[in-house]
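Please model the complete structure; the sequences and the hints are all you need to start from.
Protein chains: 4
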Amino acid sequence: MRYFKSDNTAAVSGEILDALGAANDGAALAYGADRWSERLDAVYGEFFGTPVRVFAVSSGTAANSLALATMCPPWGTVLTHCEAHIERDECGAPEFFTGGAKLSLVEGAGAKIAAADLTRRLTWFDAHVHGVQPRMLSITQATERGAIYTPAEIAALANIAHAKQMRVHMDGARFANALVAQQVTPAELTWQAGVDVLSFGVIKNGGMNAEAVVFFDPAQVADFEFRRKRAGQLACKGRYAAVQLLAYLESGIWKRNAERANRLASRIAAAAPKYVSEPFATNQVFMKLGDERIAALTAQGFGFYDWPPAGSGECRFVVSWDTPEDDVDALCAALSRI
Amino acid sequence: MRYFKSDNTAAVSGEILDALGAANDGAALAYGADRWSERLDAVYGEFFGTPVRVFAVSSGTAANSLALATMCPPWGTVLTHCEAHIERDECGAPEFFTGGAKLSLVEGAGAKIAAADLTRRLTWFDAHVHGVQPRMLSITQATERGAIYTPAEIAALANIAHAKQMRVHMDGARFANALVAQQVTPAELTWQAGVDVLSFGVIKNGGMNAEAVVFFDPAQVADFEFRRKRAGQLACKGRYAAVQLLAYLESGIWKRNAERANRLASRIAAAAPKYVSEPFATNQVFMKLGDERIAALTAQGFGFYDWPPAGSGECRFVVSWDTPEDDVDALCAALSRI
Amino acid sequence: MRYFKSDNTAAVSGEILDALGAANDGAALAYGADRWSERLDAVYGEFFGTPVRVFAVSSGTAANSLALATMCPPWGTVLTHCEAHIERDECGAPEFFTGGAKLSLVEGAGAKIAAADLTRRLTWFDAHVHGVQPRMLSITQATERGAIYTPAEIAALANIAHAKQMRVHMDGARFANALVAQQVTPAELTWQAGVDVLSFGVIKNGGMNAEAVVFFDPAQVADFEFRRKRAGQLACKGRYAAVQLLAYLESGIWKRNAERANRLASRIAAAAPKYVSEPFATNQVFMKLGDERIAALTAQGFGFYDWPPAGSGECRFVVSWDTPEDDVDALCAALSRI
Amino acid sequence: MRYFKSDNTAAVSGEILDALGAANDGAALAYGADRWSERLDAVYGEFFGTPVRVFAVSSGTAANSLALATMCPPWGTVLTHCEAHIERDECGAPEFFTGGAKLSLVEGAGAKIAAADLTRRLTWFDAHVHGVQPRMLSITQATERGAIYTPAEIAALANIAHAKQMRVHMDGARFANALVAQQVTPAELTWQAGVDVLSFGVIKNGGMNAEAVVFFDPAQVADFEFRRKRAGQLACKGRYAAVQLLAYLESGIWKRNAERANRLASRIAAAAPKYVSEPFATNQVFMKLGDERIAALTAQGFGFYDWPPAGSGECRFVVSWDTPEDDVDALCAALSRI
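Protein chains in written order, with our numbering: chain A, -3 to 334; chain B, -3 to 334; chain C, -3 to 334; chain D, -3 to 334.
These are computed hints drawn from the structure, not numbers from a lab. Do not take every clue at face value.
Any copy, or any two copies together, can satisfy a pair, since identical chains are not distinguished.
[Said to hold, decoys possible] Under the rule of at most 25 angstroms between Cα atoms (straight-line distance), these lysine to any residue pairs were calculated in the SDA-like manner:
| hint | residue 1 | residue 2 |
| --- | --- | --- |
| 1 | Lys160 | Asp322 |
| 2 | Lys160 | Trp303 |
| 3 | Lys1 | His126 |
| 4 | Lys270 | Glu246 |
| 5 | Lys160 | Pro69 |
| 6 | Lys270 | Pro305 |
| 7 | Lys251 | Phe43 |
| 8 | Lys270 | Glu321 |
| 9 | Lys160 | Asp219 |
| 10 | Lys251 | Val217 |
| 11 | Lys160 | Phe220 |
Below, the structure written as structure tokens:
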């Protein structure tokens, strides 16, 4: 099968495997007291151009949920898009980690939240004990429909949130793809725009099993470390998580892999532009091909997901950092034929 | 430093690294739909000689807590030893995962629970709504003090538990060490003795970041998979967890590594037998050396932990699968001098 | 002020106070082992014409949340209307009691869920671990907008739910008002239509501080009693809760009070029919008066709530069992003048 | 039966019933916006001689658990006596309300915690993420074995706790009995000795179904009110809870009832002094009568509890505010005969 299902189907970058091998040398103190883990804050601080606290966890779900739990009380609610991963695809993990906080949903094209919609949704909440209190905003970069937020858009949302004493979380499972898609710095796309905590995705873009949670204000970390341990997310052989996070930035694969995936995806979008159903920006291409064409492509050996709701005739192609160029060629050819 | 602090300080077995590399070949379906994950039940079923369901998670804490959460309701309690890892070293993870179940503690030499003590402790509970209800027994193999349970001892405890409708969990963070220390089969040490669910430790004994949760009755799995996902413990690139679990059994390192660690540890115990404070059985050696001798060894570059409570003059030496023979020689020599 | 804010502002029926006084006679066993508590199942069983298990709790929020927690696992979700009390007005209590289950919202006029909308909403859920699983349907009788469900409507919803292995909860905070508004029996409006568990409201309709949770299948009670105790909802002097529940049915005030409130409310609806914004059915009257008329009525000393969202120009008048006839006369006169 | 089982079997003081009746007069705003609820802080502030925030809840279990949840994070632990009500008799309520915090147990005669034992127990905890962190101390006044803490004893414990950044909770289910048993003021027995939050028991000593949670530093209230609502513990008809709390202090029954119960209990203790197994102080009398004498008393129609563990031959007699003098006479006579 030629895989366009998800960037989760990708293998691991050689740079990551090499780093794991290089770290596999004798004893090292456990639970993050190793020399690799101890470099994390500095390396990520340099990347973002500000002091940060960085923590490795084993999955994007854990990254998101722990970030939310640190800043949202059980009687709080997280404003987020109705198609967000934390709402749709994590089996209630945010509710579990926060001790039962809610997600309050906002609609919007491209799985993006518009400032006006956020403002309107916030009017639903009263500052009394009968209702949950908005305490966080969570946005996804790039979104579940492949769209990206610009620094200005993020700042507009963050300003609204901060004015209400809400913290801002960015689910950056595909942060690198969103970053290289714009002429901006990591700083501009995060803390300078008002992001308080970032789930910085590594796995989809070449990593194996470590994601980074980045706090832009070290003082906000508070109880994160207790919660991480308590959630079984503190790796005992911490070096094997840390080196993935280090190699991701230091080898440059965050950029190289994301650029390649975005570039190849752009070819797919260009192969059948009239079917493209979401403004193309990163490594995901949405097309409203209709059930017949979808069936035809499937029959030709292309693997990809129909997009809900069922019967929409829409599908999604995702290009991974390691999708063979040949597979992209084949898909483009097939698309141009239909 | 010569490390005897914990088997968590060890590196990863070459067999595990090789397996990770071998699996790093092109695309594979995510979240456990890969061909490695799909072999897990069969391979572990053969090892244990009975049909099992096996799930990979990223840490021993997650393994223990998810196993408990699946079988213990929030208003239940888990009977366990007062020195158990789940009580002392997991920052309340069992309480978090179960939704607030309790741990009810039993004392006992060697961090072992004796059948009579379990029976006595159970008399504290009444079948009314005012108190939590005993729903699980959790024992550790090998224990936090290096002791092991024999099949007969496990069966005695499990019979008591099952008679009360309690399920039996075994925290097998060092299961392989306990297994090779006895002339018994994996089956005899687990399900044949009444164990319902096992946290089968891989990481300490050569793995990188995957542990196995083994359910001996497939029907008991119930909601485990939802809870694993919800806890951020379902790896998206599942193959890199699965191959660790497969290689651990199929390469034979579970046995080779454990035998080596146990053997070297026995040399340490033999080097200063009069100080050995716990019956030696596996890869942990406890000695009551007194603070002065402890300080002397530390000064000579040996790394190990004083054992609580503070001021007890007791310390622990742990041998890992990869502890250099030279380090053991040096420690034995130092011990024989004091 | 003339109060039309909520039936929560009402006093307690004399029948309830008398019952409390009558029970205040010497010692009685605590925690529900008293002779009043022991009659609950029989009295409610007769009312509903089927064996039931009935439990007293101190609030409607507790009734709803405990009912949901008993039947919905933490990784489940409760389908409910987006204006439901459990979603809007309980500060996340369902999430707290269930251990972090979700509420998944359905829209619909009159705060009612239509069968087609429920069916459509259920298509969003897949039977895989990535998403929460629908396990309950919760409907409100009468709804937050004063509408009522007929037995046929309930049955249609319950059939859909049961076909998906979901249980059906009815939030009957105003169940009596909904019942007397129709020519149906308690049985027809609940278990015969497929309701599995009912929060049977007593407080709003004349009670003091006890609500009933009614399970129509005694076998479903399972862990309810542990959860109630654990939530601090098992009254130690249980008789003072039980007698409220008994007097509510046995004195007939459930019917008398509800009929009076409904009747007086119908006069209000009739006083300004062109402004009535929701089909009138019980003791709540919604009117789209516009901000100016609302301000005028407020200035005349009528107390009532503007209905969200802010600026809608809509307001709600609620008649309690003890709203003075004189207050209703005054409101009707004021309404007929505008 | 002549009841000496528990002060929970008592009826409600006439003063409380009268207050409920007096408040039952027309409409009042719901959820604590009534004129009775609004007086609570002032009345309790005067009683304690310091500004306080007071909240009504429906049970002692709710009072304790909500107090703990407000000040103890999920990764924290509450140091308490191994026989404390929160450990033994609340079905895990503290774990539920806190989101899975632990209770860490301290032994001690009379169900009291000695300062030296608290200090020793605290040495078990390390300030690292592997273990839960001590965040609260909870002591019971009077204890489960009828003992009382003096202001000096409380201060000694509170000083130890505060030095570790722990907060101090007092479970005062029988606070009035402990207070009248000493020549001290409410202030001396609480905040002046270092108590941060008090569960002030009303129900056992004449109330119906309302207990008070008293915060001595208004700034500590933080999220209490959200948690109370979310737990279904905010009464909608709040006046009927508030008047119980007001009448309890303002009518003087807190003192009158407690003094009577203590005085009658002292007669029981004096009737068979050689069997008294716990230093007598309040309204509970513990006697080691042996199973034969216990059976004899039971046969004579006296109702009381054997005290665990089973077979100890110990029993407990509790005198309530309304225990008939005649019943006490009869018990004293029976005791003097054996």
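Hint check results:
1. Lys160 - Asp322: neither (50 angstroms within a copy, 44 angstroms between copies)
2. Lys160 - Trp303: Classified as between: cross-chain Cα gap 23 angstroms, same-chain 35 angstroms, threshold 25 angstroms.
3. Lys1 - His126: between (43 angstroms within a copy, 15 angstroms between copies)
4. Lys270 - Glu246: Classified as neither: same-chain Cα gap 39 angstroms, cross-chain 52 angstroms, threshold 25 angstroms.
5. Lys160 - Pro69: both (15 angstroms within a copy, 24 angstroms between copies)
6. Lys270 - Pro305: within (21 angstroms within a copy, 40 angstroms between copies)
7. Lys251 - Phe43: within (12 angstroms within a copy, 44 angstroms between copies)
8. Lys270 - Glu321: within (23 angstroms within a copy, 67 angstroms between copies)
9. Lys160 - Asp219: both (22 angstroms within a copy, 17 angstroms between copies)
10. Lys251 - Val217: So Lys251 and Val217 fail the 25 angstroms test inside a copy (27 angstroms) and across (42 angstroms) alike.
11. Lys160 - Phe220: both (23 angstroms within a copy, 20 angstroms between copies)
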